[in-house]
Amino acid sequence: MSDIAAYVDGLGLVDHHCHGVVSADLDLAGFEGLATESSWPSPFGGSNFDTPFGVAVRALCAPLLDLPKHSSGAAYVARRSELGPEEVNRRLLGATGIDTYIIETGVGGSELLGAAEIGAATGAAHREVHRLEVIAERLLEQVGGGDEFVTRLTDRLDESAAVAVGFKSVVAYRHGLDFDPARPGLADVRRAADAVVARRTDGARVRLTDETIIRHLLWEAVDRRRPLQFHVGYGDSDIDLYRCDPSRMTEFIRRTVGTGTAITLLHCYPFQREAAFLAQVYPHVYLDTGAAVNYTGFGSAQVVRESLELAPFNKVLFSTDAYGLPELYLCGSLLWRRAVTRIFSAWVDADEMGAGDAVRYLDLIASGNAQNVYADV
Amino acid sequence: MSDIAAYVDGLGLVDHHCHGVVSADLDLAGFEGLATESSWPSPFGGSNFDTPFGVAVRALCAPLLDLPKHSSGAAYVARRSELGPEEVNRRLLGATGIDTYIIETGVGGSELLGAAEIGAATGAAHREVHRLEVIAERLLEQVGGGDEFVTRLTDRLDESAAVAVGFKSVVAYRHGLDFDPARPGLADVRRAADAVVARRTDGARVRLTDETIIRHLLWEAVDRRRPLQFHVGYGDSDIDLYRCDPSRMTEFIRRTVGTGTAITLLHCYPFQREAAFLAQVYPHVYLDTGAAVNYTGFGSAQVVRESLELAPFNKVLFSTDAYGLPELYLCGSLLWRRAVTRIFSAWVDADEMGAGDAVRYLDLIASGNAQNVYADV
Amino acid sequence: MSDIAAYVDGLGLVDHHCHGVVSADLDLAGFEGLATESSWPSPFGGSNFDTPFGVAVRALCAPLLDLPKHSSGAAYVARRSELGPEEVNRRLLGATGIDTYIIETGVGGSELLGAAEIGAATGAAHREVHRLEVIAERLLEQVGGGDEFVTRLTDRLDESAAVAVGFKSVVAYRHGLDFDPARPGLADVRRAADAVVARRTDGARVRLTDETIIRHLLWEAVDRRRPLQFHVGYGDSDIDLYRCDPSRMTEFIRRTVGTGTAITLLHCYPFQREAAFLAQVYPHVYLDTGAAVNYTGFGSAQVVRESLELAPFNKVLFSTDAYGLPELYLCGSLLWRRAVTRIFSAWVDADEMGAGDAVRYLDLIASGNAQNVYADV
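Residue numbers (the working numbering), protein chains in the order written: chain A, 1 to 377; chain B, 1 to 377; chain C, 1 to 377.
Calculated directly from the structure, the hints in this document are not laboratory data.
Check before you lean on any hint, since a few could be wrong.
[Said to hold, decoys possible] Partner residues aside, some chain A positions facing chain B, computed with beta carbon under 8 Å:
| hint | residue |
| --- | --- |
| 1 | Thr36 |
| 2 | Ser42 |
| 3 | Pro52 |
| 4 | Val55 |
| 5 | Asp194 |
| 6 | Thr296 |
[What the hints assert, rightly or not] To spell it out: a stretch of chain B is covered by chain C in this simulated footprint if at least three of its residues, at any positions, have a beta carbon under 8 Å from a beta carbon of chain C; those stretches are:
| hint | segment |
| --- | --- |
| 7 | 28-40 |
| 8 | 104-117 |
A virtual CB, placed ideally from N, CA and C, is assigned to each residue, including glycine.
Next up, chain A with everything else stripped away, as it sits in the complex (with noise of 0.2 Å):
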């Protein structure tokens, strides 16, 4: 196991799927609101310290600032404060071992530190994917009908395709994946637009959860060639789980093969191995498991080991679906090194995989499949 652990602690990864991080000192209950895909606090006095993450975050993190593993979680924020956001950014981030950041900026603002930011404070590189939805929203915030708004989000998808390396997708939690596979007329479009149109409210946000739009949005996406990162399963309590299989989109799949565009499943828990299935079977499908190896602390490699059981050694990615805390950077590290040792490790020991395939797999689940899948990184 040694050697394999060795190896693994010193890859340097590609996180294809991350979120800023916050900029401002955070109180208890600031950081347990970020600590959750929950959108409530727990009833009975129940802290989210007192969950697999908040377990991991005092196991690995607490170290990383200088308290013994499994300080409480008053005593953790305590000495966060004590150490100010800015250093507590650069100890942990520079910990995770992450030379390059994929940013997805659709969502969270100005208390976050975006993806040159990120970039300053840790020297690493940086890239930005943007949200589908997001480009949208802003633009039926502005235009005056559904005809300015397929013209003008061509060109809003072209400027994004310029400096971004992908596209994102939350249609899983605005729709559900079982949306149809269908590209739709520009005629639907367009009225479904006037309708968003005539609805909104002026200077409030508009929420598109209009099928017919989003739709659009990711046959616009697929004609650019950038990969189109999906939400699958786990990862907000907007979510009908169940609407989340990826294997609910398989028909939009199966037409988009051959056009250039990747795709990439994002966390998929509990559906890792859905997407792994797709992974396997077409050619332009890629996964991980991101947030779930957060979320589920020390019990995330039996996730990891899941996504791997049928997926081409070629077709797995890391990410850490980092939001907010660095913590999340770091344990989504962490606990992925922690899994893919052992899994890898079992393997070599019992001489069922050879170490140099073993390493190279590694390579190009730690930042060589996504080098491959994204132009420029």
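Got chain A sorted already, so can you dock chains B and C onto it with the hints?
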């Protein structure tokens, strides 16, 4: 491992969902009929002692009846008869370490020892949970029409709420968890009850499958702020398993946030991950792996492990879902102890979780969470 | 572990679901095309030797061709060619320990060695299973209309039942397992067949996707009391995975209890738990994890473990689902042996299962259950 193991062995349990045990002697066929969720005998001469649960009975219960481990089913049942049901119940229930039984009274009749009798036999505390569909069925057998049903139901539920610590619904196998989340209008409920009354046969039992009436029961139960147990997943030959995925009732869960009513998801197999997701995201949702632990026998540690991947430690409950056989109480208890010993020992031994945290979380799952959720337990 | 391991190594197997092996020499592309369920090559220069199955081939098969473990794919295919297909088939099939091949003849043509040829090459017994959709397709290419189809189908199925030990359906990927459970009326079947005949092109193969006709086939097969195999879950690029959940055909299963026809659920990944649930509850349902064991490689033990969580030990079958490559027979056999060795050894070593029971259950899964289910095997 020894410290955690010893601690787990000594844990007193609140079994938050179980049923009575049979008071009569059982022959081989009688025992085997209660040792499965199937309604049919196995072809080709198979025995329900040759199942994961049957293996567990022969390993864990046989020694308590002075038999060698792995005795045959025939020998086991013969020894059971020799000792007599009272002694068998005393020995097996006495070895469970269950301090409090929360007994759901909606299935089985006078052949079962009820809550008070189990309490008397074991010296343990006992509480009752009432099954909504049974309350409605008894009433539908008596009333003249929908109007009377709706009126008298209010009284019946109030009476139940005065003595029961919770309600249970089996909508999973009467309809599916994909029921309409909206509260039905009273006119619709009356009409539906009228139809049931019109169809009923004098003296015959009514079996409630009407979705409108069941939804009315659910919302009436929510009004009474008693924990509401839902059968989820595996556990009955009536079910269409995919319709028992708890994520299909997400919208109902969303609409009951903040009502003060806890929702407890029972058994959950093979949807323990979906259930744990809901328990993480929604503040009033809890889960257990009751029946699944028994029926997966020595494979149950993986099921428990999956239920602990995502769930906060203050959202997981212990139950046996035992029905009829005291063996289901004993195996449900010992298999659960074996599972959590393995899971928490591995974390503590690897210094991934502090021993103090482990003890705290084990206390919560064994009894503390149930004491929070159910009043007066 | 050593005793169980030795016992498992010596077990003779009935492979209750497999296909022929190719008789021709294969180049690298030819081999890789048969080493996946995908229909497309991998982008970015990936190789199907860098998949869980490819790793298993290089670990388990290479030594049987006098190569070092973990040899490259290119070296492996070169050595294969050097030895020639006959010798490769002889060596690999000879090392499987399969005593009886039950070969499904519905896919592939003269490029495959059939049942008799495999029997001759290996000295093993061999039986046939016929694919319902293929029987109907050949007939639909010949008949003048629906009336003739219905009449002649009866004869064709009788002829099949006289030589085949079972039937197989691929309704999973022609329609989905969510087919209507009711037996269709003959008038509807005739009308549906008329439509197929009206649409067909002279000389072109008919591909049957009509749900009414397929249901007719299923019920006709049930009448003939031959075991009826269903493709379930993973195993073809045509499928929408979520529609291949076997619990979607629960009502059909319910309606066929007591017909005397066994239903065997094939592969089942990732629905092995759902399949095992059905096998526990319904007396005529059986399952295997065939293709899944091969394609999950050294991750397969977990898949087998899950299939054994709930299923009675007399309801689980062995298969390889091998098609084309003798490597699929060899890996299917050795990976299954590895999995059950780990699972049963752990139980026996912990004194949770008696060694005598373990041996009895292993015999059942290896061959006894298949001998019960299939007549004359």
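Here is what the structure says about each hint:
{"no.": "1", "hint": "Thr36", "in the structure": "holds (7 Å)"}
{"no.": "2", "hint": "Ser42", "in the structure": "holds (6 Å)"}
{"no.": "3", "hint": "Pro52", "in the structure": "holds (7 Å)"}
{"no.": "4", "hint": "Val55", "in the structure": "holds (5 Å)"}
{"no.": "5", "hint": "Asp194", "in the structure": "violated (28 Å)"}
{"no.": "6", "hint": "Thr296", "in the structure": "holds (4 Å)"}
{"no.": "7", "hint": "28-40", "in the structure": "holds (count 5)"}
{"no.": "8", "hint": "104-117", "in the structure": "violated (count 0)"}
Going down the numbered hints, you'll see the structure goes against 5, 8, while the others check out.
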